[in-house]
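Given chain S, put chain V in place with the hints provided.
Protein chains: 2
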Amino acid sequence: MFDDLKYDENGLIPAVIQDDENGDVLMVAYMNKDSLASTVETGKTHFWSRSRKKYWLKGESSGHTQEVRSIRTDCDKDCLLIKVKQNVAACHEGYRSCFYRKLENGQWEITAKKLFDENDVYKA
Amino acid sequence: MFDDLKYDENGLIPAVIQDDENGDVLMVAYMNKDSLASTVETGKTHFWSRSRKKYWLKGESSGHTQEVRSIRTDCDKDCLLIKVKQNVAACHEGYRSCFYRKLENGQWEITAKKLFDENDVYKA
Numbered sequence: 122m123f124d125d126l127k128y129d130e131n132g133l134i135p136a137v138i139q140d141d142e143n144g145d146v147l148m149v150a151y152m153n154k155d156s157l158a159s160t161v162e163t164g165k166t167h168f169w170s171r172s173r174k175k176y177w178l179k180g181e182s183s184g185h186t187q188e189v190r191s192i193r194t195d196c197d198k199d200c201l202l203i204k205v206k207q208n209v210a211a212c213h214e215g216y217r218s219c220f221y222r223k224l225e226n227g228q229w230e231i232t233a234k235k236l237f238d239e240n241d242v243y244k245a
Numbered sequence: 122m123f124d125d126l127k128y129d130e131n132g133l134i135p136a137v138i139q140d141d142e143n144g145d146v147l148m149v150a151y152m153n154k155d156s157l158a159s160t161v162e163t164g165k166t167h168f169w170s171r172s173r174k175k176y177w178l179k180g181e182s183s184g185h186t187q188e189v190r191s192i193r194t195d196c197d198k199d200c201l202l203i204k205v206k207q208n209v210a211a212c213h214e215g216y217r218s219c220f221y222r223k224l225e226n227g228q229w230e231i232t233a234k235k236l237f238d239e240n241d242v243y244k245a
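Protein chains in written order, with our numbering: chain S, 122 to 245; chain V, 122 to 245.
Treat the hints as calculated values from the structure; they're not laboratory data.
All values derive from a computational prediction rather than experimental measurement.
Misleading hints may appear alongside valid ones.
Which copy is meant is left open, because identical chains are indistinguishable; a pair holds if it fits in one copy or across any two.
Lysine to any residue pairs mimicking SDA-like chemistry, simulated, CA-CA at most 25 Å apart [what the hints assert, rightly or not]: (1) 127 <-> 229; (2) 223 <-> 173; (3) 154 <-> 238; (4) 198 <-> 178; (5) 234 <-> 208; (6) 223 <-> 153; (7) 154 <-> 175; (8) 234 <-> 132; (9) 223 <-> 122; (10) 127 <-> 164; (11) 154 <-> 172; (12) 235 <-> 126; (13) 234 <-> 155; (14) 206 <-> 181; (15) 206 <-> 153; (16) 165 <-> 182.
So that you can see chain S by itself, here it is in the shape it has in the complex (with noise of 0.2 Å):
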């Protein structure tokens, strides 16, 4: 079932994460064959950084983990939507979803609470 997806030139495909609880959007990512692979036998989801050319568990120097409740493909395979159960949170600057940023009056308005300061979390 992951031969049948479409993926782009560099072997990636885009998966949105969303809060099983709420319904919240939290972060979108990318995925290649392996992580998905990955994310479906350990039930934690695993995604492929483009920035760090490198395979990651999400959480793993946080422990923000976040755990597989489904997995969908949309109409052309081409994307991911999958939702999970967020540990703390999802993004690495302290919220909780990564979509913290509103467009107001033609300004990007910070629009949620800090949960953690990302100093403290992410030691050197």
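Coordinates of chain V only, in the frame set by chain S:
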């Protein structure tokens, strides 16, 4: 606020479209700066079709437009989350959401009901 966003090498940014009423993720599509500007200006979603290489108003053939309720961006400013009032259905295949296939026992199973026959809506 549009120059501030990060577009890919083709000038595109992915947009997650979410139902403002019930939180369902309806679709993921791509915008360029022009289609985002039209979306904000008209209050209806506009996208860039990667396959047809064409700028489009969502619902221009079907009438199934999306009325914008809010626009968010994420920590990296390389993705958008747009909440909409969806008229009829988002998916051109007749489903309310494009994410109508769920992974069940290693298979992609259709878990939603069709709301319309696409042959009736998209006539030649």
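If the cut is 25 Å between Cα atoms, do residue 206 and residue 181 qualify within a copy, between copies, both or neither? Within one copy only: 16 Å inside a chain, 37 Å across chains, cut-off 25 Å.
Tell me, please, which holds for residue 234 and residue 132 at an alpha-carbon limit of 25 Å: within, between, both or neither? neither (35 Å within a copy, 31 Å between copies)
At most 25 Å between C-alpha atoms: does residue 223 with residue 153 qualify within a copy, between copies, both, or neither? Classified as between; 18 Å across copies, 30 Å inside a copy.
Within, between, both or neither: residue 223, residue 173 at alpha-carbon 25 Å: Neither, since 27 Å and 30 Å both go past 25 Å.
For the identical chains here, do residue 154 and residue 238 meet the 25 Å Cα criterion within one copy, between copies, both, or neither? Close neither inside one copy (33 Å) nor across copies (33 Å); limit 25 Å.
With 25 Å as the alpha-carbon cut-off, assign the pair residue 235 and residue 126 to within, between, both or neither. between (36 Å within a copy, 22 Å between copies)
What label fits residue 198 with residue 178 when the C-alpha limit is 25 Å: within, between, both, or neither? Close inside one copy (23 Å) and across copies (22 Å); limit 25 Å.
Intra/inter-copy verdict for residue 154 and residue 175 if alpha-carbon distance must be at most 25 Å: within (13 Å within a copy, 29 Å between copies)
If the cut is 25 Å between Cα atoms, do residue 127 and residue 164 qualify within a copy, between copies, both or neither? within (22 Å within a copy, 31 Å between copies)
Have a look at residue 206 and residue 153 and pick one of within, between, both or neither, based on CA distance no larger than 25 Å. Classified as within; 21 Å inside a copy, 32 Å across copies.
How would you classify residue 234 and residue 208 at a CA-CA limit of 25 Å: within, between, both, or neither? within (16 Å within a copy, 32 Å between copies)
If the cut is 25 Å between Cα atoms, do residue 127 and residue 229 qualify within a copy, between copies, both or neither? Classified as between; 14 Å across copies, 33 Å inside a copy.
In this structure, the hints that do not hold are numbers 2, 3, 8 and 13, in rising order.
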